[in-house]
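Asks: Now for the letters of each chain:
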Amino acid sequence: MFEYAPAPESRSVVDLKASYGLFIDGEFVDPADGGSFKSINPASEEVLAEVSEAGTQDVERAVRAARKAYEKVWGPMPGRDRAKYLFRIARLIQERSRELAVLESLDNGKPIKESRDVDLPLVAAHFFYYAGWADKLEHAGFGANPRPIGVAAQVIPWNFPLLMLAWKIAPALAAGNTVVLKPAETTPLTALLFAEICQQAELPAGVVNIITGAGDTGRTLVEHPGVDKVAFTGSTDVGRAIARSVAGTRKKLTLELGGKAANIVFDDAPIDQAVEGIVNGIFFNQGHVCCAGSRLLVQENVADRVLESLKRRMAQLRVGDPLDKNTDIGAINSAAQLERIRELSDAGSAEGAERWSPPCELPDRGFWFAPTIFTGVTQAHRIAREEIFGPVLSVLTFRTPAEAVEKANNTPYGLSAGIWTDKGSRILWMADRLRAGVVWANTFNKFDPTSPFGGYKESGYGREGGRHGLEGYLNV
Amino acid sequence: MTATTTSARSELSELGRSETALRTFLHGLPGVDQVGAEQRAAQLGTRSIKTTAKAQAIDLAIRMVDLTTLEGADTPGKVRALAAKALRPDPADPSCPHVGAVCVYPAMVPHVAEVLRGSGVHLASVATAFPSGQAPLEIKLADTRAAVAAGADEIDMVINRGAFLAGRYKEVYDEIVATKEAAGDAHLKVILETGELATYDNVRRASWLAMLAGGDFIKTSTGKVPVAATPPVTLVMLEAVRDFRAATGRQVGVKPAGGIKNTKDAIKYLVMVNETVGTDWLDPDWFRFGASSLLNDLLMQRTKLTTGTYSGPDYFTLD
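Keeping their order, the protein sequence lines are chains Z and A. Everything in the first sequence is counted per the numbering used here, starting at 1376 for the first residue and increasing by one. Everything in the second sequence is counted per the numbering used here, starting at 8 for the first residue and increasing by one.
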């Protein structure tokens, strides 16, 4: 009766090159051994561009460039001048945000409405925010004259390619460090466009170096002896390996790893908004969110009602072309990730949980997974313990606030949690007891550059964002 | 209707007998989180409705317009002109549908009735001492009866906001029941005047109260106070009619009124209806826009879509 006609965002704003070199010392260069790989559009499996694979020599070159820039230019530069570059980068990101958003959706598979309305505004906001800190570091609470650390090796994931770049590069540069950043191998393109923005902003050569590649490149980078600081966002397994490799060195380390967040709905919650929060908590960005509310803990006396509303709401979710402005759920980022989501979902069914998805047609090509919920899940199920990193929600119930806390905390992770209740005192009581770095009350997946973000337990250590986010990049 | 909804319906119909039962029920409804409701409404507003979908939405919106004039300066000539426009909104294009209804003051009803008779366009009249509702009950009921007798087949009543805000829910309930009775076969639209209710919790409670008392439609506003229809208020009301139907099996319509001035806004409301209560409500019998200037913008956009050129406002009638 009221079918939305296709409303595709134009691809023409993006001018993709056939191939990209490595961004080292202010220019794009070919890798020493000429290795390359392809970055594809996960919604269509079409090849978007050929990207260089950095080897040992390239890492060496990048770290050396960063070291030189740190010692000669960026380290000695007064904070107010560093701020000027960061403000300039922030403005350029805003000016080119449409182009960046389209490219992010093409390379990552996320819906354009998210890259346009969430990712890009936050990316610019991060640069603006940390630009403001660059000349005020002595007021950040880390002593009278806090010094930068040196060269930062930064390895970021594929779920928010440009936003994770901003979370890493903005505070590092504000504090006076130089960086070598490796984007994820499935989503390198916006980082390379960011490199062009650095050129456009006339950022001194070597301050930002971007090298592309897969796990080997990342390992070579974080193990390089010329690196003073390692910052990693990604899986807990890789985070553990990095922690082992930097143990016993002088390198400072911050890790932002996995999560299995509880989104807790009490019987006095505003139900309609809680349902929105549940949907946003798990289906935002196809569930490729480390702080996703992947475990719904709902009070038993409202469970039926909440689930009924949730199912009705899920039937409205529009899965499909990421560039369509009306798409709610885009493509799964890679074949490997799709395989992992399928494997864990199958395990959920095999272990006896009840699986439900709304009727939805998935495109033939590309990587897709329908939004899914599992009910009748217990704490012992794999889908309640392991991070799925996909649009799959496990629903558990509880009877008392104490039980909610116990179940929420009963995970090796501790990145985030959500509480839905009309009772302010209960929010505070719960927040005191939840072992999670971020606790959202009557909302979920809200981000702001002024607010620190990071985990407890196996979700990592160190904080990104806010004043706290400077600490990882200062010698304190 | 299932056995459970039938029994729920008879249980709910008992509520109006006691102040305590009404209060307990209305205050037991789930709360509305203001930030969350406004965020959801804003999100729905970002849908991009283009080409064929837009054409479809514009025609539907035209059919949903309650073409309204509620001015002290209204004259028989003025309302007759409006009624003529309701029948043929775009004289240049016979494919353009007629609007849902014409909405006027009771004194103007006979003049409009002459024009609309047999056309399928409904005739709505505000009543019950619109817009303030500050008159004795007998006068409100007489107002209603007079409008119906003069030919109105829809009555837009106002609730007693003073009683509602003071917590005298039964008084509000009884007035709606009495007005419904006075209106007879005419459809009863209950105006909540959400701008005066201030909170979304109140909007939800007033919506339920109006539905429990037998209202056929719930309407946001009179258009006579500074804050009229807003997307989040309409969202909360849509959720209420959805939940009410689930509980009782009875479907109630929704009418945002006031402040909806252009096609873009109207389409945002249709998207909200589509994604909150579904296609059952995407019909002039179940969703209306109370508006005056909206129609011309819909007509301009319609012409733009069919001809490809955007004509100026002088090509559309001002009534």
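It cannot be assumed that every hint is accurate.
In silico contact screen, one side only, chain Z against chain A (beta carbon under 8 Å); selected entries [claimed, not checked]:
#1 Pro1645
#2 Gln1691
#3 Asn1701
#4 Pro1733
#5 Pro1734
Quick list of in silico lysine-lysine cross-link-like pairs, DSS-like style, CA-CA up to 25 Å [what the hints assert, rightly or not]:
#6 Lys1459/Z <-> Lys1443/Z
#7 Lys1511/Z <-> Lys1686/Z
#8 Lys1511/Z <-> Lys1447/Z
#9 Lys187/A <-> Lys1700/Z
#10 Lys1821/Z <-> Lys1798/Z
#11 Lys57/A <-> Lys1700/Z
#12 Lys311/A <-> Lys1700/Z
#13 Lys1798/Z <-> Lys1782/Z
Computed Cβ-Cβ distance ranges for the label pairs, DEER-style [as the list claims (entries may be wrong)]:
#14 Leu1803/Z <-> Ala156/A: 53 to 63 Å
#15 Gln1574/Z <-> Gly285/A: 50 to 60 Å
#16 Ala1710/Z <-> Ser17/A: 48 to 58 Å
Simulated from the structure, these hints should not be mistaken for lab results. Using N, Cα and C, we set each Cβ at its ideal position, and we do this for glycine too.
Asks: Look at each hint and say if it fits the structure.
Replies: For each hint, the structure was consulted:
| no. | hint | result |
| --- | --- | --- |
| 1 | Pro1645 | 4 Å, holds |
| 2 | Gln1691 | 5 Å, holds |
| 3 | Asn1701 | 6 Å, holds |
| 4 | Pro1733 | 13 Å, violated |
| 5 | Pro1734 | 14 Å, violated |
| 6 | Lys1459/Z <-> Lys1443/Z | 21 Å, holds |
| 7 | Lys1511/Z <-> Lys1686/Z | 49 Å, violated |
| 8 | Lys1511/Z <-> Lys1447/Z | 22 Å, holds |
| 9 | Lys187/A <-> Lys1700/Z | 44 Å, violated |
| 10 | Lys1821/Z <-> Lys1798/Z | 20 Å, holds |
| 11 | Lys57/A <-> Lys1700/Z | 11 Å, holds |
| 12 | Lys311/A <-> Lys1700/Z | 22 Å, holds |
| 13 | Lys1798/Z <-> Lys1782/Z | 20 Å, holds |
| 14 | Leu1803/Z <-> Ala156/A: 53 to 63 Å | 60 Å, holds |
| 15 | Gln1574/Z <-> Gly285/A: 50 to 60 Å | 51 Å, holds |
| 16 | Ala1710/Z <-> Ser17/A: 48 to 58 Å | 57 Å, holds |
In summary, the numbered hints that this structure violates are 4, 5, 7, 9.
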